[in-house]
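Following the hints, position chain Y against chain B.
Chains as they are written, first to last, in my numbering: chain B, 1 to 115; chain Y, 1 to 117.
Hints may be right or wrong, so weigh each one.
With a straight-line Cα cutoff of 20 Å, these simulated SDA-like cross-link-like pairs (lysine to any residue) come out [stated by the list, open to error]: (1) B:LYS36 - Y:TYR39; (2) Y:LYS77 - Y:LEU88; (3) B:LYS40 - Y:SER84; (4) B:LYS40 - Y:SER3.
Part of the chain Y face toward chain B, derived, beta carbon under 8 Å [said to hold, decoys possible]: (5) GLY43; (6) LEU47; (7) LYS49; (8) TYR50; (9) LYS77; (10) LYS104; (11) LEU105; (12) GLN109.
A few chain Y residues that face chain B, going by a derived Cβ cut-off under 7 Å, partial list only [to be verified]: (13) VAL13; (14) PRO40; (15) LYS69; (16) PHE90; (17) PHE107.
If you're looking for bench data, these hints aren't it; they were derived computationally from the structure.
Every residue, glycine too, gets a C-beta built ideally from N, C-alpha and C.
Letter by letter, the chains look like this.
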Amino acid sequence: DTEVTQTPKHLVMGMTNKKSLKCEQHMGHRAMYWYKQKAKKPPELMFVYSYEKLSINESVPSRFSPECPNSSLLNLHLHALQPEDSALYLCASSQIPGGPTDTQYFGPGTRLTVL
Amino acid sequence: AQSVAQPEDQVNVAEGNPLTVKCTYSVSGNPYLFWYVQYPNRGLQFLLKYITGDNLVKGSYGFEAEFNKSQTSFHLKKPSALVSDSALYFCAVRLGLGSSNTGKLIFGQGTTLQVKP
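For reference, chain B alone in the conformation it holds in the complex (with noise of 0.2 Å):
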């Protein structure tokens, strides 16, 4: 099973809002990676986390944080976003950051729209 589980689906936030992103798997992955993808556009690496531990941090603005509470367990938290945050951001899990044959398999994403 290569299922990488987000919540919600859908969200929708006011500039002021705080909201928070959620990520799961249960592989047994060691690695976590958040994505944000704008509409017919590559996914753009946000952040890493290896072995529970933040690896790369990809120059986000700081009203993106990431936490990783546990090796299944990946949150963003949303606060003061911009109306150019809103895009579709993408959860990935990998078994063994930067092993030979490691390989990502992403969560369906959370649409995120910022009005």
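Quick look at chain Y alone, frame taken from chain B:
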């Protein structure tokens, strides 16, 4: 710099005909290459990967890809296209071991495949 190019924004093919979606790459060291497919309003779905070994890689749903080191290409192919194959396809390269960006995927811009009945 590491990069992936998908030269075609869109590929149109008739159902039952063979299809090819092109990808070329530029990396230092050994390339780890991937193909993903994305259906509308869905996440990316892994199709296949090349790590080492046989240059012809077989993946899900009848797709295969041919790794060509001399041409630095990794084209996705299928012998007989289905209407349900219509989707957005991404080629990606993963930085190899020892890089400070280990695990990071570099994506191409994507190619929309349209299969018409």
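Against the structure, the hints:
1. B:LYS36 - Y:TYR39: The hint holds at about 16 Å.
2. Y:LYS77 - Y:LEU88: Given that 20 Å is the threshold and the Cα spacing comes to 14 Å, the pair holds.
3. B:LYS40 - Y:SER84: Within the cut-off at roughly 18 Å; holds.
4. B:LYS40 - Y:SER3: holds (18 Å)
5. GLY43: holds (4 Å)
6. LEU47: violated (11 Å)
7. LYS49: holds (6 Å)
8. TYR50: violated (11 Å)
9. LYS77: For LYS77 (chain Y), the interface hint is violated, since the closest Cβ of chain B sits about 20 Å away, which is over 8 Å.
10. LYS104: Cβ of LYS104 (chain Y) sits 6 Å from chain B, so the hint holds.
11. LEU105: holds (6 Å)
12. GLN109: With a closest approach of 6 Å, the GLN109 (chain Y) hint holds.
13. VAL13: With a minimum Cβ separation of about 19 Å from chain B (threshold 7 Å), the hint on VAL13 (chain Y) is violated.
14. PRO40: Violated, because the Cβ-Cβ distance from PRO40 (chain Y) to chain B comes to roughly 10 Å (cut-off 7 Å).
15. LYS69: violated (17 Å)
16. PHE90: holds (6 Å)
17. PHE107: holds (4 Å)
Comparing the model with each earlier hint shows violations of hints 6, 8, 9, 13, 14, 15; every other hint is respected.
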